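One line per chain: the protein sequences are F and D, in this order. Going by the numbering used here, the first residue of the first sequence is number 1, and it counts up by one from there. Going by the numbering used here, the first residue of the second sequence is number 1001, and it counts up by one from there.
Hints were generated in silico from the structure; no laboratory data involved. Note that the structure is predicted; figures quoted are calculated from it, not measured. Idealized CB from N, CA, C, for every residue including glycine. Treat the hints with caution; some may be incorrect.
Unchecked claim - Selected chain D positions facing chain F (Cβ under 10 Å, derived; list incomplete): (1) L1020; (2) P1037; (3) A1082.
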Amino acid sequence: MSDFLQKIKLKIAAILYPACKEAVLLFLTSVLVAIVFNVLRPAGIPLPGFSPAKTINVQQTKIPEITLEEAHKLYCKNKVVFVDARDPFSFEEGHIAGAINIYPDEITLHLAKLKQMLSPGSLVVTYCDGPRCPLSHETAKGLKLQGVPAVKVLIDGWGLWQKAGYPVAEGNK
Amino acid sequence: MNHHKFFARIVPITALICRLVLGILFFYAGVEKIISPREFAFAIYNYQLLPDGAINLPAVVLPWLEVFLAAALVFGIYVRGASLASALLFLIFAAALSINLVRGLDISCGCFGGASGNINWFYLVRDMSLFAVSIFILFFNRGWSYCAGSSG
Chain F
1 MSDFLQKIKL KIAAILYPAC KEAVLLFLTS VLVAIVFNVL RPAGIPLPGF
51 SPAKTINVQQ TKIPEITLEE AHKLYCKNKV VFVDARDPFS FEEGHIAGAI
101 NIYPDEITLH LAKLKQMLSP GSLVVTYCDG PRCPLSHETA KGLKLQGVPA
151 VKVLIDGWGL WQKAGYPVAE GNK
Chain D
1001 MNHHKFFARI VPITALICRL VLGILFFYAG VEKIISPREF AFAIYNYQLL
1051 PDGAINLPAV VLPWLEVFLA AALVFGIYVR GASLASALLF LIFAAALSIN
1101 LVRGLDISCG CFGGASGNIN WFYLVRDMSL FAVSIFILFF NRGWSYCAGS
1151 SG
């Protein structure tokens, strides 16, 4: 009986010993790749720090709104970047000319492109369709969390902009 | 056919299927978290188990560990190491889940990125099942050779 137990113990050790070595190797490789990737990517986060207060503040803060007239004035002066928070299909059907499409879930994917479009002092205005649409607020909060300084929401932006006859575009441009 | 032969045939094939399923799960979970590290960091923060300064590091490393485990399990490289690491991960997840279920916190699981469902006892059962699957792979995986019906 003790021989049998000894055999089982040896078998388990023969499996676990190489498994531990491989697991450590896999762990170290992922740590290395993760840190390098985080440093290189634009949406990387600081490794030693986490600021829950900041995150919660942004989540609870009400994003300021902007009126259609104000937004249009800034648009004419080239001092605004419109962010269309609707889904990509609606965006392709029609959007404010010059807008970039950022659905709330896809902020990190498009952040680098948005930052390239921003010039010093320019404002980011998010919009979606309908007075109760929550997407523009969600994208605006996400952008704030990612460190975009000046963000406002144009409520019912797409509907109002179209009715006013201001410039629109179709497709992915 | 006696029982021994039957199990000798069925067990490695089951281990192979488990390996692939676990690999795909890990890949999906890892990629979702890599896409939005901030949301995942917030999910970890909500568990209230780590000090603030130690939250971002696991939020960055864990998703990549999951992706590497997925690759190892699917492609059959370091399978023993990957299944052992995955078993340990599921144990850690189970501990974190249990503590917060007992505390009664209503927080997002964070299992598949920041926008996962809120924790409940089902998540713990799922977690422990996946732990069992990892242990099964650790001891019974015989690689792809069993696909061809050979004895490995």
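Structure-inconsistent hints, enumerated in ascending order: Of the numbered hints, just 1 does not hold.
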